[in-house]
Amino acid sequence: MPELSKMKKPDVKVVLLGDMNVGKTSLLHRYTERKFKDTISTVGGAFFLKQWGPYNISIWDTAGREQFHGLGSMYCRGAAAIILTYDVTNWQSLSELEERFLSLTDTANHDCIYALVGNKVDLTDPKAHQSQDSDVASEDRTDSEDMRTEPQLPTPPTSPASLSGVMLQKQVTPEDAAALYGRILRYKGLDETSSQPAEKMCFETSAKTGYNVDSLFEALFDLVLPSILRQRNENQESPTVDLEECRGSSNKRAKSSCC
Amino acid sequence: MERDNHQEGEAQGVKISDPPSVNNPPGDNLATSLSLLGNHMFPDVAERNDGASISKEETPVSLCSDVTAEQQSLDAELHSNQVTKLETEETENSECFNDVCTQQSDGGSEGAATDNDQSDSGEFVVTMLAKAKLEEQGIGVKGRSSPLLEAGTQESPAFMSHRDEDVTAESWRQHRKHVFVLSEAGKPIYSRYGSEEALSSTMGVMMALVSFVQSGDNIIRSVYSEEHTVVFLQKGPLVLVCVSSSRQSERQLRGELLYVYYQIISMLTQASISRIFEHKKNYDLRRLLAGSEKILDGLLNLVDSDPSFLLAAVHCLPLASSLRDSLSQILQKAITPNLVFSILIANNQLLTIVQEKTVIEDTRLEPADVHLLLNLIGASSAFQAGEIWTPICLPLFNPDCYFYAYISYLDPPECTVCLLLLSTDKEAFYAVAECKRKIEEAMVAQNSLSLIAKVQSYSVSQVGVSDLRHFMYKPFDVPDNYRQLTQFTSPEMEAPYSSEEEKMRLLDLYRYMHSRIHSTSRPLKLIYHVAERETLLAWVTSKFELYTCFSPLVTKACAITAITKLLRWIKKEEDRLFIRYPPKYSTTPNPSKSSRGGKSDQQDATDNGFLSLL
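Residue numbers (the UniProt record's numbering), protein chains in the order written: chain A, 1 to 259; chain B, 1 to 614.
There's no promise every hint is true.
[Claimed, not checked] Listed below are the simulated SDA-like cross-link pairs for lysine to any residue, each with C-alpha atoms no more than 25 Å apart in a straight line:
#1 B:K438 <-> A:Y55
#2 A:K37 <-> B:N347
#3 A:K37 <-> B:K438
None of these hints come from the bench; they were simulated from the model.
Since the model is a prediction, treat every value here as computed from it, not as a measurement.
Sequences and hints are given; from them, build the entire structure.
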């Protein structure tokens with residue numbers, strides 16, 4: 001049933017970018033539906049609205065396929081946060097971010113924040129099999145189990161051959177991601193001291209087990225709040241019509257209820 | 001000219017086989033390589049009946065291209081054979097599939113005489129094929145066992161069951177219909193079953209066949225063997241091949257390949273495909289199509305199970321005209337600049353469609369384009385959440401430009417009623433999303449969703465004609481609905497056609513009737529066909545095309561009366577069964593913008609990131 005709730009204007013825009021098959025749709029699906037299921041390669045981009053406290057956050061889940069590359073800059077226009085996603089078992093997916101996706105972010109807000117997310121970490125790190133995420137309240141955790149059997153014992157992180165068979169070789173380390181984060185800041189001409197530190201903006205997640213997924217989105221949402229507030233203030237102060245905002249205003253009911 | 005494009009192996013193949021072909025009639029060489037392909041793909045058939053299968057394969061080639069005088073005469077013979085057969089059919093008014101088979105093999109055995117010398121020119125192909133086979137096995141095994149290999153080809157999607165198939169297994173050969181897409185350089189682009197990598201050498205052989213025939217200034221169109229029909233379709237830089245044991249006509253199979261081609265165009269546009277291959281002949285198109293395999297898979301499944309494709313018409317959901325009108329009005333009111341089509345779909349059937357005025361003056365929406373849109377929606381369950389914004393090309397409308405499609409379900413979480421809005425403006429997402437909100441509001445106000453939920457397709461019993469089991473009726477354009485979307489109507493398939501096998505069997509019968517009606521050599525107007533378990537009557541006039549299925553005990557007189565009744569019933573229900581007058585709206589102050597080849601679209605086609613790849 002379509003809720004006829006009053007149209008909600010998105011306050012801020014978050015975009016998921018990354019090569020195909022890194023798990024962008026799965027990450028978002030895990031976060032919004034609290035499930036992991038087989039997804040089909042995204043066509044174009046998919047628009048979601050997430051209620052975050054009193055704010056509406058629009059999330060664009062984009063297609064990673066080269067076929068849709070041309071649309072990327074359109075999805076990124078005016079974005080407050082961009083989630084650059086890669087697959088920790090695939091080095092190529094990290095370098096694609098730099099080669100193919102970084103230039104798309106040129107249309108984002110000047111104060112846009114960037115997060116680097118290494119997904120599929122359940123394939124390389126046994127610790128990611130526990131979807132438990134210490135810093136997040138875990139009311140929904142019970143339904144986050146899936147096809148993969150969850151390990152009952154905390155396995156030492158050095159044994160890469162447990163439970164569901166083979167552990168894959170990790171091709172991208174957190175250090176690689178942090179280095180890329182530094183290069184992104186330089187590319188954007190941002191000052192490293194005034195920007196968010198790499199430790200805070202580089203994540204390793206598993207959409208399959210739910211590991212670190214909530215903390216990723218929630219940390220980001222918290223970080224974009226200042227951007228929302230600033231925008232609101234600006235709008236109140238300035239009588240000028242912001243075309244981008246007007247377009248944005250033609251939006252959208254919320255689909256998911258409050259978190 | 002195309003020979004320049006071929007890569008090492010294939011180019012070699014063509015070259016080596018060239019000199020002997022100067023002396024021999026080209027047909028012989030061809031027959032040999034064809035038989036080799038047969039050997040390769042259907043070894044059992046070929047081994048069991050080697051000589052015969054070669055000759056049979058040769059005949060159809062002669063059917064399609066005038067190769068030699070010898071073959072032409074054979075051609076004529078075959079034709080006369082068919083003609084007599086058809087005449088018998090008309091007078092006797094009965095026929096079944098067996099006749100057709102014998103007829104085919106008759107043609108084949110006659111052809112046997114023309115086939116003799118095959119050794120010299122074929123030798124190299126033999127080695128090539130032997131090599132190919134070995135490679136294939138190697139790859140087949142490796143591909144499945146080595147995770148490194150998977151990681152290496154990061155473009156290839158997560159392995160899905162049927163992509164994982166062992167292409168050397170008997171079960172792979174048993175598939176009813178294979179479809180392959182390759183580039184002119186012989187690079188695999190798509191295979192319905194099995195991974196393209198594992199099939200690269202098979203596709204190489206296919207390309208060798210195509211270019212071999214091409215080198216003789218000819219075009220290979222089809223190959224017939226006892227159990228299989230192989231149909232080739234060349235479209236720009238792409239070659240599409242269908243290997244079918246479905247007994248469909250060559251024309252039908254070619255039509256299906258065309259749908260596959262169109263679906264690829266709908267994702268990439270013809271212009272960008274040509275551009276890509278102009279720059280780099282051995283470009284791996286899978287790079288751009290990666291992730292779209294499921295859309296092609298879904299299309300082929302639909303083609304097999306949905307008669308819309310056979311009839312080249314759209315099936316719309318029967319709806320009280322008052323409800324349909326009110327839905328149309330809702331769509332008509334929710335407009336924004338550059339919106340060109342608003343389409344409402346329930347359960348993969350059309351509810352209503354509203355078009356931009358200037359668009360409809362220029363052209364009309366072709367059923368094939370609607371089929372591609374419906375398939376896109378059906379093949380992407382990912383659509384069920386959120387609102388999608390994606391470029392899509394309607395190849396029959398304009399093969400070189402993109403539309404931007406907004407897709408959203410109106411009844412989550414059931415996800416049966418889907419709204420599709422097409423705009424020419426890449427940036428219009430928020431404006432179009434706003435239209436959806438208006439539509440949603442209006443539908444809630446009018447309680448439309450619950451009314452739609454009650455709508456069902458109809459049962460043949462409502463027609464009130466005993467013995468009538470099923471029918472498909474496709475009216476042609478008549479003055480009062482000129483330029484209307486071509487549609488057809490058909491009741492649910494009920495017992496005895498409720499199981500999947502029986503449904504398929506009935507569809508196969510319809511396909512057979514369709515192929516006879518639309519035969520290129522001898523089209524028919526009326527067929528009364530007594531099959532084993534039912535009696536079918538197909539009838540085409542200037543006003544409609546009708547296929548009916550009766551119980552086996554019906555008499556001819558009964559069937560004729562029944563059809564009269566049926567036509568009367570359809571006339572009465574017309575307003576409910578069809579979208580009679582597709583409504584229009586006007587969204588473009590500047591009419592040229594939305595019309596064919598609008599400038600803005602051209603622009604989009606070029607800056608869609610393809611150039612950066614080259």
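Against the structure, the hints:
{"no.": "1", "hint": "B:K438 <-> A:Y55", "in the structure": "23 Å, holds"}
{"no.": "2", "hint": "A:K37 <-> B:N347", "in the structure": "23 Å, holds"}
{"no.": "3", "hint": "A:K37 <-> B:K438", "in the structure": "32 Å, violated"}
Going down the numbered hints, you'll see the structure goes against just number 3.
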